[in-house]
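Engineer: So the protein sequences, as listed, match chains R and Y. Numbering-wise (the working numbering), the first sequence opens with residue 1189 and increments by one. Numbering-wise (the working numbering), the second sequence opens with residue 51 and increments by one.
Simulated from the structure, these hints should not be mistaken for laboratory data. Hints may be right or wrong, so weigh each one.
[What the hints assert, rightly or not] Ranges of calculated distance between the beta carbons of each label pair, as one might list FRET restraints:
1) R:1396 / Y:96: 46 to 56 angstroms
2) Y:165 / R:1266: 24 to 34 angstroms
3) Y:73 / R:1282: 46 to 56 angstroms
4) R:1371 / Y:187: 42 to 52 angstroms
5) R:1503 / Y:136: 54 to 64 angstroms
6) Y:165 / R:1508: 49 to 59 angstroms
7) R:1199 / Y:220: 50 to 60 angstroms
[Said to hold, decoys possible] Chain R is nowhere near these chain Y residues, computed Cβ spacing over 12 angstroms in every case:
8) 63
9) 65
10) 74
11) 88
12) 157
[To be verified] Only part of the chain R face toward chain Y is listed, based on derived beta-carbon distances under 8 angstroms:
13) 1258
14) 1290
15) 1292
16) 1345
17) 1385
18) 1471
19) 1474
20) 1478
From a predicted model like this one, the values you see are computed outputs, not experimental measurements. Ideal placement from N, C-alpha and C gives every residue a C-beta, glycine not left out.
Spelled out from the first residue to the last, the chains are:
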Amino acid sequence: MIERWVRFWDQREAPNSLALIRIVLGSVLLVDLLLAGWFGVVELLWAPPPHGAATGALALPLPLAVRVLGASPETGFALWALAVGCCLLFVLGAAYRVASIGLVFAMVELSACQPAGDGIDALLRIALPVLAVSGAGKVWSVDAWFRKRRGKPPTATVTAWPRYLLFLQLVWLYTSAGYQRNLVPWGPLGGFIAVGNVLGDPHFARFAPGSLAPFHLLLRLGALATMLFELTSPLAFLWTWLEYRPSRGGRFGDFVRRRHVRWLWLGAGVSLHAGIALTMKLGLFPFGMLALYPAFLHPSELTRGLGEATKRVAKLRSLLAREHVATND
Amino acid sequence: MIALVLAFGAVAGWPGHMPKMAEKFPRPLAALALEVSELQQKVLAPAAPVAGLLGITSEDWPLFPGTGGTRYRMWVEARKKRGGYTLLYRPHDDQHTYLAGTLEYRRVLNVWNPHHDWISGGYEDYVHWLAGRVFDDFASYHEVRVRMEEVTIRGGGAGFEPTDHFVYEETVRRSEVRP
Chain R
1189 MIERWVRFWD QREAPNSLAL IRIVLGSVLL VDLLLAGWFG VVELLWAPPP
1239 HGAATGALAL PLPLAVRVLG ASPETGFALW ALAVGCCLLF VLGAAYRVAS
1289 IGLVFAMVEL SACQPAGDGI DALLRIALPV LAVSGAGKVW SVDAWFRKRR
1339 GKPPTATVTA WPRYLLFLQL VWLYTSAGYQ RNLVPWGPLG GFIAVGNVLG
1389 DPHFARFAPG SLAPFHLLLR LGALATMLFE LTSPLAFLWT WLEYRPSRGG
1439 RFGDFVRRRH VRWLWLGAGV SLHAGIALTM KLGLFPFGML ALYPAFLHPS
1489 ELTRGLGEAT KRVAKLRSLL AREHVATND
Chain Y
51 MIALVLAFGA VAGWPGHMPK MAEKFPRPLA ALALEVSELQ QKVLAPAAPV
101 AGLLGITSED WPLFPGTGGT RYRMWVEARK KRGGYTLLYR PHDDQHTYLA
151 GTLEYRRVLN VWNPHHDWIS GGYEDYVHWL AGRVFDDFAS YHEVRVRMEE
201 VTIRGGGAGF EPTDHFVYEE TVRRSEVRP
């Protein structure tokens, strides 16, 4: 039993899924951080009173940066600049290990200075250290490019456990969210009105509250689908296992594979977050969640999918080029 | 090591508002659930230094657990030395959009958006910061007021009902932030 457990967590795989998470998650975080600079709110968010609304010198325990540099607007700005710089290097995969550890440090310090955050901030503080110790920088990165230039062979495999942990983290997040929901607005007793309620909240609705009332049936279906998706999320392990083991699961396994249940579940998750991004003002949340979705994909599935997409784009390009020549003739 | 992390994660995922959830449980189950809640901190104590170092506070994810009921709508107003208040910003009010992009940026919104029965500790400082911005942008204003109107969600996507009842009211005079 212990041997099987160790063997499972000790598996190796190509680094592509982790690298894609690094690039997409880092990019959305970078945009989110740059927005603070764009809106001129770095001081408000991370400087202590009277300059801003950060906890500053009152935080318990005192953030390390505040202890060393003092509670000042300059400290808040320095932390933000460190986060932006490290995040850029993290996306590019340049000096990956140092940059990712720097990013983890900066994000922890920023949240200590400004504790008013949301779920995605907490999730990032869990996902970033996992990515920092992973092989996410071994491919599609500046480090890999330098390695190639030095004549070293590319890293073929890295440990798979960071991806498994992120997979587990996402499934747990959905499960935890699902069973903690108040069953009146989120269930049949209240008529599944929860999504409609959120879209009526003036602080979160993207469209004018009330303007989506004609689609109330769709909103109810949205709440039902959200609950089904979240409460069945632990089954994602089963769907994935059955897909990777074509000989297992008997008739049920065949049914799951034939009906592409795993892909339907993933599609439901993507639709859920796309719907949130479209209709609610939740900032980074839906994008940050979707950025972690490559954790659900084995690197071979990802590279196969990207290969297919590249082929299709090339085909489309040649078709367009031929049409262009024909039109000119 | 991974098994240990998973075990701590599972304990940290025990819902923080279990006492409220347990009210609906059958009595023996409720007692057990509450006991686990009390044990949680003791079990997590050995992992607390590492979790604290990484800023990991919980594995409990109550995302939009309850919706509807009473919510809020922020009003940002300012006035000259004499006269009444002028509305500068209010969410979903096309006529009053002062600093809308900035105020609706999620990190700023997290500071001023009230939760069910509490508001961020930085709210008062946020109001002072906002008042400073207003005074910089409008030389004529003497006083800024920020307050939250309680609104009732109608349900079914039908929007909200204003109540004309305000809470979390803060007023800042120019002399306080731009002496």
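Engineer: Indicate, hint by hint, whether the structure satisfies it.
Structural biologist: Verification of the supplied hints:
no. : hint                               : result
1   : R:1396 / Y:96: 46 to 56 angstroms  : 51 angstroms, holds
2   : Y:165 / R:1266: 24 to 34 angstroms : 30 angstroms, holds
3   : Y:73 / R:1282: 46 to 56 angstroms  : 53 angstroms, holds
4   : R:1371 / Y:187: 42 to 52 angstroms : 47 angstroms, holds
5   : R:1503 / Y:136: 54 to 64 angstroms : 60 angstroms, holds
6   : Y:165 / R:1508: 49 to 59 angstroms : 52 angstroms, holds
7   : R:1199 / Y:220: 50 to 60 angstroms : 55 angstroms, holds
8   : 63                                 : 6 angstroms, violated
9   : 65                                 : 6 angstroms, violated
10  : 74                                 : 9 angstroms, violated
11  : 88                                 : 19 angstroms, holds
12  : 157                                : 6 angstroms, violated
13  : 1258                               : 18 angstroms, violated
14  : 1290                               : 14 angstroms, violated
15  : 1292                               : 7 angstroms, holds
16  : 1345                               : 18 angstroms, violated
17  : 1385                               : 4 angstroms, holds
18  : 1471                               : 3 angstroms, holds
19  : 1474                               : 11 angstroms, violated
20  : 1478                               : 15 angstroms, violated
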